[in-house]
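Residue numbers (the working numbering), protein chains in the order written: chain A, 1 to 357; chain B, 358 to 651; chain C, 652 to 903.
I should point out that these hints are in silico values taken from the structure, not numbers from a laboratory.
Do not rely on the hints blindly, as some may be mistaken.
Some chain A residues close to chain B (C-beta under 10 angstroms, calculated; not the full set) [claimed, not checked]:
#1 P119
#2 L123
#3 I130
#4 L133
#5 F135
#6 I139
#7 N141
#8 N144
#9 I229
#10 N275
#11 V284
#12 I289
#13 M328
#14 N331
#15 W332
Each computed DSBU-like pair below joins lysine-lysine, with the alpha-carbon atoms no more than 30 angstroms apart [said to hold, decoys possible]:
#16 C:K782 with A:K10
#17 C:K777 with A:K240
#18 A:K10 with C:K777
#19 A:K346 with B:K445
#20 C:K742 with A:K7
#21 C:K788 with A:K7
#22 C:K742 with C:K705
#23 A:K240 with C:K782
#24 A:K7 with C:K807
#25 B:K645 with C:K721
#26 C:K721 with A:K240
#27 C:K794 with C:K771
#28 C:K794 with A:K348
#29 A:K10 with C:K788
#30 B:K615 with A:K175
#31 A:K188 with A:K175
#32 A:K240 with C:K705
#33 C:K777 with A:K7
#34 A:K268 with B:K476
#35 C:K771 with A:K10
#36 A:K240 with C:K728
#37 B:K645 with A:K240
#38 B:K497 with B:K365
#39 A:K348 with B:K445
#40 B:K638 with A:K240
Yeah, the Cβ is synthetic: ideal placement off N, Cα and C, and Gly gets one too.
For reference, the chains in residue letters:
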Amino acid sequence: MKNKMNKTTKNNFITYGIVILLFAVVQTLSSTGNLSRLLTGLLVPLCVYTIAAVSLNLVVGFSGELSLGHAGFMCVGAYSSALFSHMTADALPSVPRFILAILVGAVVAGVFGVLIGIPVLRLRGDYLAIVTLAFGEIIKNLINILYVGVDENGIHVATTSAGFKLAAGGKKILKGALGISGTSALYKDIKENFFLIGVILVLITLFIVQNLVNSRSGRAIMSTRDNRIAAESIGINVTKYKLLAFTVSAALAGVAGVLYSHNLSMLKVSVFDYNMSILILVYVVLGGIGNLRGSMIAAIILYALPELLRGFANYRMLIYAVVLIVMMLFNWAPAARNWRSRMVEKFKGGKMNKEAA
Amino acid sequence: MSFISYLKDGISLGSIYAIIALGYTMVYGIAKMLNFAHGDVIMVGAFVILTAITKGGMSPVLAVLISIVFCTVLGIVIEKVAYRPLRKASSNLAVLITAIGVSYLLQNLALLIFGADAKSFVTVIDVPSLSLFGGALVIKGITIVTIVVSVIIMAALTFFVRKTKPGRAMQAVSEDRDAAQLMGVNVNATISLTFAIGSGLAAIAGLLLCSAYPTLTPYTGAMPGIKAFVAAVFGGIGSIPGAMVGGILLGVIEIFGKAYISSQVADAIVFAVLIIVLLVKPTGLFGKNIQEKV
Amino acid sequence: MAMLEVNHLSIQFGGLRAVDGFHLNIEKGELYGLIGPNGAGKTTVFNLLTGVYKPTEGIIRLDGQDITGKSTIEINKAGIARTFQNIRLFKDMPVLDNVKAGLHNHYQYSVLTGVLRLPKYFKVEKEMNEKAMEILKVFDLDKEANLLAGNLPYGKQRKLEIARALATEPKLLLLDEPAAGMNPNETLELMDTIRFVQEHFHMTTLLIEHDMKLVGGICEKLTVLNFGQVLTQGETSEVLNNPQVITAYLGE
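Construct the entire structure; sequences and hints are all you get.
Here it is, written out as structure tokens:
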């Protein structure tokens with residue numbers, strides 16, 4: 001029993017260790033000038049997708065619900081925090097402003113998580129999946145027609161370009177389908193450190209999700225996944241714990257969105273479509289459902305893969321698709337699993353025979 | 358008169374959704390999987406027609422037949438290679454992700470062969486427009502064909518599933534796969550047949566979609582695919598009349614949303630209606646209510 | 652006053668009255684059996700008592716408190732815990748965590764305490780581990796504490812389900828065919844365990860069972876259910892010798 005506690009804790013620290021080690025390696029490469037421009041540009045997005053994948057795993061792996069709307073929560077976090085950053089650009093220095101922006105993104109996405117989770121979690125299985133997808137698309141569509149600006153009279157919100165009028169000297173921030181531009185320029189002084197900030201956010205995300213999962217609430221969340229009816233029979237409020245997982249996951253997706261939007265000079269809503277949600281789900285499933293470290297590693301490898309294959313031009317996404325299908329078949333098909341365990345047996349058996357001889 | 362004009366556009370678009378949704382709903386009902394690549398088979402079908410006519414110089418009828426055969430075979434191959442090995446996997450997420458992989462694969466193969474720029478689709482269906490009320494309402498030939506074709510498909514499919522032996526095997530597999538197997542139904546063959554029919558229908562849907570909206574890119578199938586899936590869920594996934602009604606309602610809502618509210622939020626309206634329907638009736642309009650036995 | 656009082660309990664599914672006018676009184680500390688042929692409505696009675704189904708008519712009182720129509724969660728909190736005919740464990744969780752999930756409402760700390768690993772987290776988790784191990788020892792499952800529940804052999808899975816139910820500190824324990832699928836040795840062992848639980852935890856138990864040896868061996872009183880109605884109830888020996896009961900089981 002004592003052993004088991006230590007094992008989980010040890011496991012958690014190994015995961016933190018991997019993150020810190022990767023960071024150290026990248027920093028060393030970068031300071032010795034061995035990191036290409038392409039790779040340098042990938043670093044912050046890698047953190048974004050790692051946070052997104054780890055947080056989605058909380059819903060898919062631990063509460064056992066399939067969500068296809070994760071990009072929607074990232075979108076909410078990205079836009080709310082970018083608006084905040086623009087509005088407070090003159091009032092606050094960049095470090096506290098960025099910290100507050102992260103909190104704004106997390107809280108707004110978390111609130112959306114509660115509002116969407118309450119109706120959605122009444123549904124089961126594939127119906128839940130399609131409704132989360134629908135919510136993600138609705139969020140994208142609505143932000144697409146949103147115009148927000150500030151002038152001396154305060155904040156103005158409109159839904160058409162024609163109805164969007166500011167007093168002289170006013171600042172248009174969100175311009176419908178054109179999105180928000182110049183967010184990263186607001187943080188010129190700390191832009192260099194975005195990768196460090198990203199890594200810290202990855203560590204915080206892992207800390208929150210790992211500790212949540214290995215706690216009383218985490219057990220309750222997993223019990224609703226394994227057997228909903230049995231969980232109710234021992235007095236566990238299934239809806240409450242599914243909603244908890246959904247909300248924490250949404251808030252952390254919001255944080256990923258904050259990092260995403262502040263790293264860009266042009267933020268357009270069209271990137272947050274269901275394809276992005278699916279991409280994150282692919283990381284979760286390939287990394288292992290319920291395996292947080294796996295999500296992280298799958299996110300890093302699979303995000304970097306198509307980018308690193310750029311040399312292959314048009315073939316890169318084709319290669320990606322083939323790799324994805326083959327990996328799924330190899331990892332999940334019962335026949336492939338049996339074959340693998342037979343190979344392991346054979347290998348072990350062979351080794352033992354050799355030793356005997 | 359504009360109301361009726363929008364209504365007929367909605368029914369026309371909805372009929373296309375309905376044909377795609379039929380493929381979705383049959384596959385879901387029988388293989389219990391979301392075939393995310395279904396929409397991309399539509400795109401493949403349309404490209405086959407386009408290539409057969411422009412490069413092969415074939416007649417439209419022959420091109421359409423080749424396209425149907427090609428998609429049917431494609432559907433069977435996809436099922437056999439990518440989905441069947443995962444049918445008994447411990448998580449049903451595995452096959453979903455593989456389907457996404459197949460979707461990427463089809464899109465990127467098309468991208469490689471045909472390029473990313475939009476092709477304009479050739480005229481395949483050449484039926485004269487119908488002019489009503491002294492020209493106040495003009496119904497395009499393609500609209501008439503689309504609606505007629507979808508009604509025929511729906512009737513044929515209902516007859517097939519209810520009255521023929523392979524159709525009843527499909528019903529049996531959809532109710533309880535293991536029991537069907539024990540009763541001597543060839544489950545593998547039945548699932549293959551389902552994919553064959555669904556993919557053949559996708560080829561027809563590709564023809565109708567690209568005839569009504571004549572541009573074609575490797576991503577043409579993706580969004581109609583998702584919408585058709587929404588339509589299938591809307592009508593109650595697994596139900597053939599549900600797919601039909603869901604598809605048409607979705608098309609009408611989308612066109613009305615575009616016409617009367619805003620073209621930018623039409624999709625949001627479609628999805629919002631889906632959410633409302635599912636919250637009121639969690640298994641869709643025609644869906645069966647299944648309660649877990651305790 | 653009886654610990655459990657059930658009167659006029661009925662439920663209708665469409666045209667079928669699956670349970671019709673069911674009544675039952677169980678005194679504190681009793682080991683009570685519910686028997687009857689297949690399809691008589693025994694499990695439906697359990698589902699009514701635990702709020703899985705809402706009764707069409709009737710009243711259920713636990714220790715005088717009306718629990719009719721309450722949710723499964725509220726009923727568990729009021730003091731009824733159960734096992735299931737088709738075992739329902741948390742298969743992908745360790746054996747220990749299955750029991751700790753049962754302790755959920757009795758050992759509390761907030762979500763934030765858990766995430767931030769505040770001192771209270773370590774204190775309560777330690778208490779939970781000790782309590783859970785104590786319960787597992789009763790069922791001789793302490794050595795398997797770290798195995799995944801789904802990997803336990805069948806007999807032990809049945810025991811773990813009882814252990815998890817007991818962890819919720821119920822007043823009344825409902826066991827749905829606890830000996831189903833067990834061999835005679837395992838059944839004998841299970842009878843000992845049930846008796847031990849009855850004394851050690853001062854439990855009141857209602858069990859559904861087909862194994863007449865088990866029922867006759869440990870139950871003090873029986874109710875026989877047939878076609879959703881109470882055929883007879885009373886002392887075990889009387890009931891088992893009742894000709895009506897024999898007919899119901901063996902047919903005309």
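Original post:
Which of the listed hints are broken here?
Top reply: Violated hints: none at all, because every hint is consistent with the structure.
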